[in-house]
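Q: Sequence:
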Amino acid sequence: GFGAGPMLAVPEMHLIGGWQEILEGLAAYGEAGATDLRVQVAAHDEKSRDASYGALADYLSAAQKSD
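With our numbering as the guide, the letters of the sequence shown map in order to residues 190 to 256.
Everything labelled a hint here was simulated from the structure, so no lab data went into it.
Glycine included, C-beta positions come from ideal geometry on N, C-alpha and C.
It is possible that part of the hints are untrue.
[As the list claims (entries may be wrong)] Label pairs and their calculated CB-CB ranges:
{"hint": "1", "residue 1": "A246", "residue 2": "A217", "range": "12 to 22 angstroms"}
{"hint": "2", "residue 1": "L249", "residue 2": "I205", "range": "10 to 20 angstroms"}
{"hint": "3", "residue 1": "S255", "residue 2": "H233", "range": "23 to 33 angstroms"}
{"hint": "4", "residue 1": "H233", "residue 2": "D256", "range": "31 to 41 angstroms"}
Could you put together the complete structure from these sequences and hints?
A: In structure tokens form, the structure reads like this:
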């Protein structure tokens, strides 16, 4: 049922898709002037969710270092 995992907060916007689509969406938020962002990952299980958070954190850290 729906009680199997944490509930996502009601977001103002969604980014749904593969990594490239997500990254393009995040870039569009920045170009639109977004200054604050809260990220929640929906996944089938905790391992997948943790892996997605880790991959995003690694990507953002690398991008920040290249700026």
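Q: Each hint: holds or not?
A: Comparing the hints with the structure gives:
1. A246 x A217: 12 to 22 angstroms: Because 20 angstroms falls inside the window, the suggested range holds.
2. L249 x I205: 10 to 20 angstroms: With Cβ atoms ~19 angstroms apart, the hint holds.
3. S255 x H233: 23 to 33 angstroms: Hint holds: Cβ distance 32 angstroms, inside 23 to 33 angstroms.
4. H233 x D256: 31 to 41 angstroms: 33 angstroms, holds
Checked against the numbered hints above, the structure breaks none of them.
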